[in-house]
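**Q** Combine both chains into one complex, guided by the hints.
Below are the chains, spelled out letter by letter.
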Amino acid sequence: MNKLKLIILILTVSCSISSAQEKTLFIGGIAHLGNGEKISNSVISVVDGKFDIVANLSEIRIDPQAYDTIYKIYGKHVYPGFIVPNTTLGITEIDAVRATHDFDETGSINPNVRSVIAYNPQSKIVETVLTNGVLLAQVTPNGGLVSGQSSLMYLNGWNWEDAICKIDDGIHLHWPSSYYNTGWWAEQGETKRNKKYQEKIKEIHSLFEKALAYSTSNNLLDLKMESMKGLFSGEKNLYIHANYANDIRDAIDISKLYKIKKIILVGAEDALMVSDKITENNIPLILNRIHRLPKNEDESIDAPFTQAQKLLQKNILFSFSYEGDMEAMGARNLPFTAGTAVAYGLDYEEAVKAITLNPAIIMGVDNKIGSIEQNKEATFFISEGDALDIRTNNVTHIFIKGNKISTDNHQKRLFNKYKKK
Amino acid sequence: MRIYLLLFFCICFSFSQAQESFPINGVKETFKPVHAFINANIYISYNQIIKKGTLLIQDGKILNVDSNLSIPEGSIVHDLQGDYIYPGFIDLYSSYGVKTIAKSKSSSYPQYESNKKGAYHWNEAIHPEVNSSEIFEVNKKDAIRYLEMGFTTVLSHSQNGIFRGSGCLVNLSSKNENENIILPKAASFYSFKKGTSKQRYPTSLMGSIALIRQTLLDAEWHENTNNNTNLSYNDYNNQKDLPQIFDIKNVLSYSRLFKISDEFEIDFIAKGNGKEFLIVDEIKSVGFPLIVPVNFPKAYDVTNPEDAQEISLQNLKNWETAPFNLKILSDNDIQFCITSSDLKNNKEFLTNLRIAVTKGLSQEQALKALTVTPARILGVEEKIGSLEKNKSANFLITSGNIFEQGFIYETWSLGEKNIIKQKIKHEFRGYYTLNSDQFKDYFVEISGSKSKPKVKIDQVDSMAFITKIDKDKIIISNTNKFRSTGKLSDNYIKGKYQDSLGDFHTYIMKKDSSLINKKEKEFILEIDSVVPKVWFPNKSFGMIQKPEQGKIIFQNATIWTNEELGILKESDIAIYNGKIIAVGKELKINEVFKSDTSNVKLINSEGKHITSGIIDEHSHIAISSGVNESSQAVTAEVSIADVINPFDHNIYRQLAGGVTSSQLLHGSANPIGGQSAIIKLRWGQSAEEMKIKNSDGFIKFALGENVKQSNWGSNNTTRFPQTRMGVEQVFFDAFYRAKNYKKKWDTYNKLSQRKKRSINPPREDLELNILAEILDQKRFITCHSYVESEINMLMHVADSMGFKINTFTHILEGYKIADKLFKHGAGGSTFSDWWAYKFEVNDAIPYNATLLNNAKVITAINSDDAEMGRRLNQEAAKAIKYGGTSEEEAWKMVTLNPAKLLHLDKKIGSLSVGKDADIVLWSDNPLSIYAKAEKTFIDGRCYFDINQNKFLESRDKKERARIINKLNQSKEKNKIKVTKQKKDKLYHCDTLDHE
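In order, the protein sequence lines correspond to chains G and U. The numbering of the first sequence is my numbering, which starts it at 1 and goes up by one. The numbering of the second sequence is my numbering, which starts it at 1 and goes up by one.
In isolation and in its complexed conformation, chain U is listed as follows (with noise of 0.2 Å):
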């Protein structure tokens, strides 16, 4: 009697919660049943069931769940009959009654300012103001299909733009906003796209990063300061402790998320994209809660093997593993949600579960990922997430177990039903016998499954008759001549059917016996236990493992040293631990190894050429999502070493081009671009891993036609600067912001604590923080440049503004002013012989390199392009034959010199002791047409070896034919008839592509 006066209480509470404050039209409903569930086996939570258990709810809530309970009086009561009981599903993932926003007008002409009206942020992908909770509406249809896949809470945010706002939890049912609406603000959503915004910035995945970190700042400084008002940065400001979430579009943008999260402390839960297990212990390692979708590549139709041949292998092995995704999660114990998110149909998700259960996901593990681990992470498991006293009645039936055959009956969702699939209790199966006034005792056999019987009537031969049944209704029919309506009641079936004559007649089927019932098939799970190999990266030529540092004497080769020893005939060199140890004839054994003399290998290289690794000062490969942020005249924030892509096959392509490190350059689209980022082409390996460590930083400097956009068409004529009377105010602007900037910190970092503590410190500024690292000759300007007017500008500017100009990178008319380049001491990145593309390139020569050489100008040949970064060998040739450089200073224009340029010459760039063993082995003179590289080394270990490169194109051509006859084997519908791979985007300077 307490507990029902205590319940009762509870119930006056959250009825009067609810519904109290609104007036009633009309006669106020207080009545509210109970619902009494016996008989099931009910999942309490996720790893917890009560056999034959009873659920109790009332006006929302769960009143009571266990075995065993009494049942108060004036209960509906639903006899499950062993049916099973879930915890309602949770997604965090959703925009579910969030409209839409609609996309603005596009317009030809760029917009560089924000258009949306009032006190908020100046780009208009940052809106941390959205409240979706304001603009949620209930909706019936969208609701319905989340119901039907087992969810009755979603957590629904506008998926739009970048800083995106917040998002509300809400439940499913058709009850009004106020009672479905759990938290309003339960999380923030982000992510690295800017959505229907049709502001230029950003144009590209550095740009949003570099958007995203300022913002961040920014608004840590707005709230310390207050200047003035911001809706924007409030709202974020206020948004801090929520749960912070991610939409990671791209697995590689996990460790570009992390980087943000680690250098604002901020803990994001991320929303993955399936394709997790392609990196899983740097996800691992990144320690993000995840949201994952279920959204398993569809099969490919392989029937045409010439179609077939044209679907990359990447893809195939993703097909095969992607299932796999989540088992690999939780076997790595990463925490992880499960979201219906990313599906084409609704109908996929609960299959694609099930396909994840047989690929050895456990179902407690995806009970949990669907009830707890969501609400957990939203601080609800009070209210959802298991089904206990005073939780919300949310929850599901199910015919059997949901992640074997069971199918969903009822979803109910605050207490509300949903019926989903019809449950089918009667059982019209056996054996009867007919009458009526004109059959006598007929034989009729109705057999087939519970929920589509089949009838057969004995006299009434061969005819097959159509059944239809609705609960205690059945409808037997065939082509006219006899057609039935029945009802079931007991033993009897008893109903009408019209003749051909159009005549009624009344039946009546007596049943006889039950059928003997033939053993329904019992589900036996099988768990396929073969977890596919990842490769690294998961495509053709992809590593199975790091390569092993050697311990190698290359014995009797021509050794281009690069130093002053010149070019040795008949030597060795020897490398250990990632170093070069010894270089010269002879070399023994124990004199380089001294008594550590086990396991060396010798490579007897006879009649081969060794060279230190090619240096590309000058590259666009391995790099995500835009080698351009090409919105701003200005934009020394955005950073390429934030968008490194480690698994473009063209660092392997190159590495068979004897190429060892790289600088991934931004692009020509603006006068100060992006900073750059210098890598080695460590194939393989993570982004992280193959940036050069304490490398110096640079930047991307611009002049000409690009920065001016003049090949840009008749529509981008607005963007400062026009002309290159514009170019140098841009220079000059942009320098003298940053002096003033530079003296505001260091007026305010040499005040004391307490002083610091009393005044508000001025405003950082990613862009101006990098113009003033050059000022302070801690970054290195690599400056895209062609005629001599311009570069002699940028000098002027840069003497009088008191800084350098590292490199002219092109300086296709350096030849013109190299007296000028070498009194400013910049060094000349050219190309051999490009020329013609453009107006201002009419006047270069294949005299360039050797021209800047003679004239003391440090040179290097680079290649601006994926395909000629495969040749720089043959490239740097052509210094000898246009120019007449020697052989050996050709050679360094590819090797040495940038390496000056990176300021790297310490480490890389020639073979003496102690600098990495980035080398090359080469069959011929590394200058001439007809050499290769055989081997390709970096810190030592063997990245490429063309005897290697023979065995991974058999591995991968079998790995191929292994998983088409999969697919070939696969049941799956509606394979994709995709046919043939997209080609890469290649990115040059000029490349302006963006979302």
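Okay, chain G solo, but in the shape it has when bound (with noise of 0.2 Å):
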């Protein structure tokens, strides 16, 4: 600890030799890093849009007059940006006028589209999304086999070119499911296995396999076979959209068949009943939205609730989302997913790293955000009180790279015109 602080005393010292560049302290506030710890009184440094100092307060001596501007911040919860995956939010902005919805294009397999440059980062949804603490959201198109590419974006940028964290993060597949409904809604009909199951299935092994030799060729340019190449070199992830413990692990075996290199599961509502293949294979998970009601009438009522914890105790890596009706507007309230996750036994800090560490893994990004760490991007925000809780979630400072963004929206712009009325 000696030498932390040694190295600490150093930086700062060597930090403010170059005073051009904007410094910036935090003191006292509950840090929630990300990765999995808490610093109760800390003291964090931000230079060069990167975090510097992250420390407790009570440990190191800090020098005021090197920095530019100091935030005390005692009592305040400051964590990183939250993340929130496989998300249309920024690429539809009214559900009920087709003219907003730019997410699912036609045809059943779109592996080439891609969700960036589409993304529209004044969308005045995306605004509501960043002043809850959301502040990156994986853009991702929806619908057919092969959807497309999402990428990663920031909640704030003047164009979608500057609101880019990572571009074409991967691709994703919609697995089939094995089974479909059958009857009608008021007579009590049922589901049976789906018989184009199989048939779905060969479509995925020709495409895969396609891919594959495309791959190692020199062929000419295949717009939707090159955009697939990078499921095989590892620049890509694969996104497997599957729930039934049937279709996950056909998905696994059938994509490890064809050397992908990164899988991710996306879903996966069935996940205990499969989590041994799920360990021996290193599948991280996007789940489906917390806030959603059991998957039938015998499951137990809080079985979503309790999930995430069941799956750390497997030591599966997993990353909350807000899949489902209304999943832009609602990804606002993304972190109070993750407190009920709490409230049903998840450890604190492990919610917090369901929605920064973990998804910055997911996707390759977590050298530079998802968690406070030194000389990683200075993207995280500050709330009066505990943000996973919505009483007390209220965001009053946000930075993207270091950069103070406005707290401001358009529903806040509407409340302050109207209570003046």
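Keep in mind the hints are simulated off the structure, nothing from the lab. The structure displayed is predicted, hence computed values, not measured ones. Careful, some of the hints might be misleading.
Covered by chain G, per the in silico footprint, the following chain U stretches (three or more residues, Cβ under 8 Å) [said to hold, decoys possible]: (1) 70-76; (2) 193-201; (3) 652-658; (4) 946-956.
Beta carbons are placed, not taken as given, at the ideal position from N, Cα and C, and that holds for glycine.
**A** So this is what it looks like as structure tokens:
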């Protein structure tokens, strides 16, 4: 520890010499680092858009003179920017207005389409999500068998280009479901095995087979095949959206058969039933929205709430998401779903991790974001109180890459206007 | 002699009735032979058997039946050698010979008016004028299907629509229609399903119910006033005295039908669905005679454990219990008939009937339900249902007891024989000596069963013979070496065979001795006496019994009173007899309960919070078959109270979220929607028991995109209104009509009794009744609304027409006109933070609740969503987060304020002495994300307990395992590979689904 102190001192000194750069200090906050650790009385410095000092205030000496700005945030909470994976946020605006839908391209296999260029950082929804502490979103196309490529985006920017955190991070494959519904809703119909399942699986086989062959050939450019090359080199993740145990097993086996390097399961409702296979293959999960109904009438009523804690016991890496109805506008509730997981047994810092460092690891950006650690990007926020609890989530300061971002939004403007009426 | 003479006249009479009037092309056949069935065990009725009796029939009728009858000369004698005769079965639910109506072409454009030409009812699903006897045609192929099951008579009707018309009672002979029809109009039929009608109305079950009620009112009015001609009402009125048979597709519809029965004083006979065991007490109290199918669920294939896990416990339990259905009905003294309806294959009928017998249904009851009961219901006991003199010669001959293992040889309908299965009379089995010009004294053994004998010829060893018999003929062959035909007479089988060279030889087999008969296995009826327990509802988390009312003091809790006392720390609350009886610090048992201090339960609630139960002002859970009657702009006549579904597991899930009461609202598909139901979530009780008694009536109105069908696709652009301009006019029009209606009735009601008798009363209109209630301030409006312009508009309409809007629900732009809302006296029930789902919610803000509340508008936060409904405590916290509302005020938004909006704040919504003991014990501050409801009480009964919930989970797991083991051992063939449960239908305001 002494050594650390020394280094920090030296660093502080060296930083103060190059005074041209913006230096900010945050003192006294309760820092949830995102990596599972918490510093109750923290000192955090940001230099040149990056975290520098991250320490316990009582353990180091700070020279306040060395900083351009100092925030005294005693008793307030500091978190790395929350990340919402697998969302149509920014590529849709109003659910009932088709003209605003830019997430579902026609056709069933579209690995080449990219959400990044359709992303609208000026969306009215985006700013309302940002102001609850969700600072990044994996903007994801939806629909068909292969819906396209997602990108990890900051929820702030002049245009899509400068809002990029990681471009084209992976391809989304919506695994066919083993089951289908029969009957109609008023008569208690049932669901049977999907007879077309095998047919669809064949389709996946032939797609992968072709893509694998293409990846080592010198053919003329094929847009779809070219976009899939990265799956075999490990440049791109393959996000497989699958929920039933059977589908999860098939998805893992088939992707491995074609030597796909990085597989992430999205949804994974039945993950606990196939946890051995998931652990064995070291596959991370992006879970369904925690605030959902149990998968059927027999399921424990709190099954969606306790799933995360049970997965943690099996050492499975997971991230939370907000996929489902009204997922774009609802993304601002992502922190509270993590809070519910805490209510049902998940360790608090692990819950924070599931919306910060874990999604960063999944998307391969944990070297620069996802936690409050030295040399990582200063993408974080300050909340008056516990940001996972609705009552106390009150985001007062937002920083993206060290830049202070406005906490205003369309809805606050209306509030301020009409409260004076 | 005299008897014969009398009989002769009878025969002549019946004969002349049937065919006398028809001209004959040829020579008249006058001889009608007597058939005499002797040596039979005859069930002359369900509870009376004659052993070794004789049955005489002639010309379709029974001449006589008794033991020791003398047989008239010239009779055709059938020696039944101990076979059984049963009265022919009667099926009251059939469409035999009545053509099913082809579905009209479906159009993607909505059809709002009837396409039926003529002076009929305005709705295509109402056609009491359909007279099945007019379209009935004898159909031999279909008749055989029934005859094979033992039916000789069916009540046939066109199974289509809501008022289906009359059915005809017919015999199943191949004679012509004139002879087969017993009663051309035997019963009148109804259902809740509109069938092939493509007309939009009704789109929901509650719409069907309203349509039935209005039609019944109109039929009566029409009869009394005779205004203009309507053939449908004429026909209905002419059928009122017939048995009224109603098709129930869902057991929950028994109580729905009962309400109609009660209101219009109609005695119905209900055609059930085979799951009556689910609510047998309710059915018993309703008292309808039933027509019940034996459509037991097929066994599930559970060999794949993962698949088996996906079968719902409900379906598993139903599979196990359904075969006990008839026994349970019988044990409860419910009168029932059995129908072969609802079976995929007619072979299942006898199989399932026998299963029902092994599950404890008495054979006598079974036979009664197939013969006398249906005959009695239709008033035709004189003709059918038992085997007595002069009744129709409708009976079946079986090889043994039909409820055990006897099979049907013949079914006779109207004295006409139908062979169902050949009777094997000839006994081939025995030991023979075979001789021919090639074989000498070969030893032959014919063994096996009587109908499928096996042949062994000693010196033609190890060669398997194929043996076929047809009456006295026998074919014995093996692969090309020996192929023979023979005939049995006396003790010989004589015949020919062809050898491998193609030469024919004659052979003779002499029977040396009969086979030493191995005793045929005697049938022993084994009755499964363990009737499975039925839970309420019969699914996961179902209740076994109604929870007791607690006599409890919760001690040392933080108590959110919602009263002037505010939030009390370290305080106690006592409940007894379903009410709160004390709130305060350190309550003393003897002070609280006076002398009656026995059995008081003390619950240490240190560190915990107690609140009144959450009230969801806007919910769509627990509703059957449609939340929207989306067909017309005004549907005030429909009511959610008619279609409450107490089996919805979302009730239990929401109890676990601390919800105790909900307003179940109609959807928002039309400007004036239907009436709502206000319930307490009394899990495990019936729909009626869930309703809050004596609560004010409410109705749903709606504005904006939904009512103008903005998001219904491009084919729905014709229903008025399509713009907000039109919406206003719909309200003006409806309330002008309502005012005139009220005036008409007020004038009429003021008349003297004498005057009243001399004139026609005005027509009663269910829709206008409800609108008149609004004008009389006896019914209150909850209006779905978004943008400020439309909210303002409706308040103007209301002010000008003299009514008030009780509550604007959603009201997402309410904050823009909060002052106007307050002035009008309207409350607001809003979403905490929903927006961006359609164009009209672009200015919705999560600060709305706070701004409304600050403007003194009574403000609630609601769910409109089954998932959010179980986290309303969290949603209330959003008023704190966004608007800065205090915790106490925020909490009232999901408790006291909705109680006020529902006019129930005198009973529920806060914790004060005398109020209902609807309380929740929370692990933490209820507004915290970390809070869990640990116990939820309604009327002092604990309906959810977090520990009990764990017990139920393990109970359900054991129950599942037990039934799966049973399924695994079941030898039933063709098990269904159904693998997963259907996803539940969850309703929002916009849900438009219909049939």
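**Q** Against this structure, judge whether each hint is valid.
**A** Against the structure, the hints:
Note: the region 70-76 of chain U has 0 residues with beta-carbon separation from chain G under 8 Å; the three-residue rule is not met and the coverage is violated. Residues of the region 193-201 of chain U with a Cβ under 8 Å from some Cβ of chain G number 0, which does not satisfy the need for three, so the listed coverage is violated. Look at the region 652-658 of chain U against chain G: 3 of its residues bring a Cβ nearer than 8 Å to a Cβ of that chain, three or more, so the hint holds. Counting residues of the region 946-956 of chain U whose beta-carbon sits less than 8 Å from any beta-carbon of chain G gives 3, enough to reach three: the coverage restraint holds.
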